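Student: Quick mapping for you: the protein sequence lines, in order, are chains A and B.
For what it's worth, the working numbering labels the leading residue of the first sequence as 1, then goes sequentially.
For what it's worth, the working numbering labels the leading residue of the second sequence as 1, then goes sequentially.
Don't take each hint at face value.
Calculated lysine-lysine pairs in the DSS-like style (CA-CA distance at most 30 angstroms, straight line) [unchecked claim]: (1) B:Lys-18 to A:Lys-31; (2) B:Lys-5 to B:Lys-57; (3) A:Lys-137 to A:Lys-57; (4) B:Lys-144 to A:Lys-4; (5) A:Lys-137 to B:Lys-57; (6) B:Lys-131 to A:Lys-144; (7) A:Lys-144 to B:Lys-92; (8) A:Lys-33 to B:Lys-92; (9) A:Lys-4 to B:Lys-67; (10) B:Lys-28 to A:Lys-144; (11) B:Lys-28 to B:Lys-57; (12) A:Lys-4 to B:Lys-28; (13) A:Lys-4 to B:Lys-75; (14) B:Lys-144 to A:Lys-33; (15) A:Lys-96 to B:Lys-75; (16) B:Lys-5 to A:Lys-106; (17) B:Lys-106 to A:Lys-4; (18) A:Lys-78 to B:Lys-92; (19) B:Lys-56 to A:Lys-144; (20) B:Lys-92 to B:Lys-33; (21) A:Lys-137 to B:Lys-63.
Just so you know, these hints were derived from the structure itself, not from any lab.
From a predicted model like this one, the values you see are computed outputs, not experimental measurements.
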Amino acid sequence: MDFKNILVAYDSSSFSNRAFKSALDVAESNKSKITITTVITGVYQPSIGFTMKYSEKMLEKYTKTLQKTFSNLESAAKKKNIEISLKILQDPSVSKAIVNYVNLHKFDLVVIGSHGRTGLNKMILGSVASSVTQKVKCPIMVVK
Amino acid sequence: MTITKILVPIDGSTHSLKAFRTALDIAKNNNAKINVLTCLEKEDVGAWYIDKRTNKKIMSDAKIFAKDFLSKLEKPAKDANVPISLNILETKSTSNQIIKFSNLNKIDLIVIGSHGRGGFNKFLLGSVSNKVSQIAKCPVMIVK
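Extracted from the complex, chain A is given alone in its bound form:
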């Protein structure tokens, strides 16, 4: 089995940074492509009930900051000659968005950190990591 297409679920937490690092290692030995995904869950706003869309101003702001963190990752990947791209998803549920995206596209491996930005991180998996590991249809690597 060759890991040509690798997806990294990224939320700029230390765990996802570690996941990204190990994805780089895997990609280096397999000469594969990395896709970084982040999910924007959106903030509460009164109009959301009517339009079900996020305000464009907010979205622009988010995308800009994401682009900034992505450029850091990109330079790290370029050093190792690895192709990298960014995909921003919008969904109220982070895990659902990731699972849908992975199942609809052809990925050979998903790399995810064991915990994200919320919750207690002692023993068990984080909620997103655990539901993604259960529902995704391709091999998945959980990095601790």
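Fit chain B to the supplied structure of chain A, relying on the hints for placement.
Tutor: Showing chain B alone in chain A's frame:
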């Protein structure tokens, strides 16, 4: 993260063999060593209340079967030039034994099948792979 020691828990199911194949590829790329682990669960089986020796006999028979099965894995590993070590352990709990083994032997990566031999395998993870992915201290790759 350099991967030098890979642990593959094997129970003879197709999922675990798939995991083994994936682990071989990773080991080839990283010059890593593969540890294969089979856990035989100690249970009171057979007519132990009549003759205490039945349990021992069943266990020793199971060990012979497991050894036979694991020795089949040696050939593909040799073809791929990957050093491999086979471990058969008696235990009360499979998942705990896998986690203990990975901690004691300083394993860098556990490659495990998403389902084993028990339970219905539609959506979710099997119980052993679920527990291992949650509690193990090293990265865990789940192969579907």
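Student: Hint by hint, note whether the structure agrees.
Tutor: Structure-based check of each hint:
{"no.": "1", "hint": "B:Lys-18 to A:Lys-31", "result": "22 angstroms, holds"}
{"no.": "2", "hint": "B:Lys-5 to B:Lys-57", "result": "33 angstroms, violated"}
{"no.": "3", "hint": "A:Lys-137 to A:Lys-57", "result": "35 angstroms, violated"}
{"no.": "4", "hint": "B:Lys-144 to A:Lys-4", "result": "17 angstroms, holds"}
{"no.": "5", "hint": "A:Lys-137 to B:Lys-57", "result": "41 angstroms, violated"}
{"no.": "6", "hint": "B:Lys-131 to A:Lys-144", "result": "14 angstroms, holds"}
{"no.": "7", "hint": "A:Lys-144 to B:Lys-92", "result": "26 angstroms, holds"}
{"no.": "8", "hint": "A:Lys-33 to B:Lys-92", "result": "42 angstroms, violated"}
{"no.": "9", "hint": "A:Lys-4 to B:Lys-67", "result": "35 angstroms, violated"}
{"no.": "10", "hint": "B:Lys-28 to A:Lys-144", "result": "23 angstroms, holds"}
{"no.": "11", "hint": "B:Lys-28 to B:Lys-57", "result": "39 angstroms, violated"}
{"no.": "12", "hint": "A:Lys-4 to B:Lys-28", "result": "16 angstroms, holds"}
{"no.": "13", "hint": "A:Lys-4 to B:Lys-75", "result": "26 angstroms, holds"}
{"no.": "14", "hint": "B:Lys-144 to A:Lys-33", "result": "21 angstroms, holds"}
{"no.": "15", "hint": "A:Lys-96 to B:Lys-75", "result": "41 angstroms, violated"}
{"no.": "16", "hint": "B:Lys-5 to A:Lys-106", "result": "29 angstroms, holds"}
{"no.": "17", "hint": "B:Lys-106 to A:Lys-4", "result": "28 angstroms, holds"}
{"no.": "18", "hint": "A:Lys-78 to B:Lys-92", "result": "48 angstroms, violated"}
{"no.": "19", "hint": "B:Lys-56 to A:Lys-144", "result": "39 angstroms, violated"}
{"no.": "20", "hint": "B:Lys-92 to B:Lys-33", "result": "27 angstroms, holds"}
{"no.": "21", "hint": "A:Lys-137 to B:Lys-63", "result": "33 angstroms, violated"}
Comparing the model with each earlier hint shows violations of hints 2, 3, 5, 8, 9, 11, 15, 18, 19 and 21; every other hint is respected.
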